[in-house]
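As given, the protein sequences belong to chains A, B, C and D, one line each in that order. Counted from 1, the first sequence has number 116 at position 115 by our numbering; the numbering is strictly sequential. Counted from 1, the second sequence has number 40 at position 39 by our numbering; the numbering is strictly sequential. Counted from 1, the third sequence has number 98 at position 97 by our numbering; the numbering is strictly sequential. Counted from 1, the fourth sequence has number 118 at position 117 by our numbering; the numbering is strictly sequential.
Source of the hints: derived by calculation from the structure; they are not laboratory data. Just so you know, even glycine gets a beta-carbon here, dropped at the ideal spot from N, CA and C. Don't take every hint at face value.
One side of the interface only, derived from the structure: several residues of chain A facing chain B at Cβ under 7 Å [said to hold, decoys possible]:
hint: 1; residue: Ser36
hint: 2; residue: Ala43
hint: 3; residue: Tyr49
hint: 4; residue: Ala52
hint: 5; residue: Glu81
hint: 6; residue: Met82
hint: 7; residue: Lys83
hint: 8; residue: Leu86
hint: 9; residue: Gln121
The residues making up each chain are set out below.
Protein chains: 4
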Amino acid sequence: MSIDARVLDSFARQSLMATFEARLEHAADGLCRISAPILPLARQQHGYGHAGLTFALGDSAAGYAALSAMDKGMEVLTVEMKINLIAPLTGDRVLAEGRVVRAGRRLVIVTAEVSVDGRQAALLQGTMIPVPA
Amino acid sequence: MSIDARVLDSFARQSLMATFEARLEHAADGLCRISAPILPLARQQHGYGHAGLTFALGDSAAGYAALSAMDKGMEVLTVEMKINLIAPLTGDRVLAEGRVVRAGRRLVIVTAEVSVDGRQAALLQGTMIPVPA
Amino acid sequence: MSIDARVLDSFARQSLMATFEARLEHAADGLCRISAPILPLARQQHGYGHAGLTFALGDSAAGYAALSAMDKGMEVLTVEMKINLIAPLTGDRVLAEGRVVRAGRRLVIVTAEVSVDGRQAALLQGTMIPVPA
Amino acid sequence: MSIDARVLDSFARQSLMATFEARLEHAADGLCRISAPILPLARQQHGYGHAGLTFALGDSAAGYAALSAMDKGMEVLTVEMKINLIAPLTGDRVLAEGRVVRAGRRLVIVTAEVSVDGRQAALLQGTMIPVPA
């Protein structure tokens with residue numbers, strides 16, 4: 002486990018991650034892993050995890066992947082994100098894995114994959130912008 | 002206020018909407034409005050509403066817009082959704098307004114706009130599929 | 002008909018627009034309209050207009066909508082674009098209508114709608130960045 | 002080189018691919034590669050390849066990746082596609098590589114990467130639907 006200090010600090014301040022009992026597993030060099038249970042408070046109408054949970058974990062993993070690759074004194078904001086929902090979010094533990102595809106000075110391109118117990122559940126592709134912290 | 006009965010029932014079963022204290026304002030004929038406060042439990046690192054909240058409200062409004070336009074005995078699933086985040090989610094009350102652009106037999110194209118206190122905060126465009134309920 | 006001079010000049014230099022015999026119909030104040038026939042050279046396997054044609058017209062209309070809203074000395078680049086293909090591109094004349102949703106200093110959010118003979122064929126939503134010309 | 006017969010036949014009927022002098026390099030088992038030069042007829046205002054060219058190649062590679070994984074008697078249509086443009090399309094030869102992420106009965110999730118002379122130029126993520134041929 003290796004976690005960038007800025008990511009650790011920022012993650013700790015995201016109340017939604019605490020609400021979802023999400024855990025930061027790894028964040029370094031443009032790669033970030035966040036895991037979470039599918040809590041009773043985060044369900045959709047059939048009892049599966051809500052797409053809002055899937056998105057929140059995937060977007061956060063992508064964002065922290067980007068942050069872990071930024072120069073000191075910078076942070077990142079999500080400009081846009083596209084998510085393909087592939088399978089219902091059901092099972093024990095959700096894993097969101099974010100990756101930097103290209104870190105430019107003005108834009109950072111990211112992807113993320115969300116899985117449950119090893120089965121692929123969603124794929125994300127999006128854009129972040131660096132901003133002064 | 003006009004609310005499709007299936008939408009009302011489905012919305013009531015989404016625990017994430019209850020967690021966010023979201024309120025179904027309108028759902029009929031391919032248009033849906035959901036509003037919510039920005040609760041302390043749904044924040045990102047700067048204290049703004051988390052993108053996961055923005056997405057959850059926008060995706061739900063789009064989905065229920067689609068459901069309100071479906072034949073009886075059908076429901077809808079989100080296939081994919083693209084969100085552009087335009088402004089920080091800060092203020093009193095978030096409004097997500099979903100609309101059906103095109104309701105086909107196999108695919109439903111939807112858009113949603115999320116605003117806070119009248120200021121535009123995000124724009125979504127996506128695809129739903131009808132499935133037997 | 003009102004056409005921003007920078008848009009006119011830039012459009013004239015896009016050889017792909019000439020290849021498609023596309024015509025710039027309007028470009029001012031964040032709105033742009035481009036029309037084109039569906040030439041035999043731009044088809045997919047069933048003889049409909051290729052998605053590459055639909056995308057090229059929609060993306061250009063969105064980009065020139067953005068350019069028409071920029072300060073002098075600036076131009077715009079497409080960062081990302083999402084397209085939903087709604088109906089086959091068949092008929093007489095394609096119309097792509099681009100619109101600025103939000104013009105910020107660092108990012109411009111745009112949408113475009115592509116139609117053929119008045120029927121909706123595609124919907125686009127994307128992001129442009131201003132760059133010095 | 003391995004090319005699925007249906008893909009070969011369909012590709013040959015796409016006049017836009019011929020206009021771009023695109024070449025089908027590989028199409029089998031959910032993977033497709035298409036290459037093309039950046040012809041003078043396919044440029045944007047700075048002389049780079051037009052985003053419409055990038056999209057057409059990426060979308061076609063993704064679509065034929067999907068087709069190569071379909072049962073006999075089926076073909077695929079693009080429902081939606083998201084493209085992130087990463088670098089200007091300049092250089093000798095463009096390569097678009099499409100991949101099936103998940104082939105379901107109702108939906109096929111695909112990605113594609115477009116590069117020029119080995120440098121990454123664009124990333125695509127989208128959805129196809131199988132339809133009877």
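Tested hints:
1. Ser36: violated (15 Å)
2. Ala43: For A/Ala43, the interface hint holds, since the closest Cβ of chain B sits about 5 Å away, which is under 7 Å.
3. Tyr49: violated (10 Å)
4. Ala52: Result: holds, 5 Å to nearest chain B Cβ.
5. Glu81: holds (5 Å)
6. Met82: holds (6 Å)
7. Lys83: holds (4 Å)
8. Leu86: Since chain B brings a Cβ to about 5 Å from A/Leu86, closer than 7 Å, the hint holds.
9. Gln121: With a minimum Cβ separation of about 14 Å from chain B (threshold 7 Å), the hint on A/Gln121 is violated.
Of the numbered hints given earlier, the model fails hints 1, 3, 9; all others are met.
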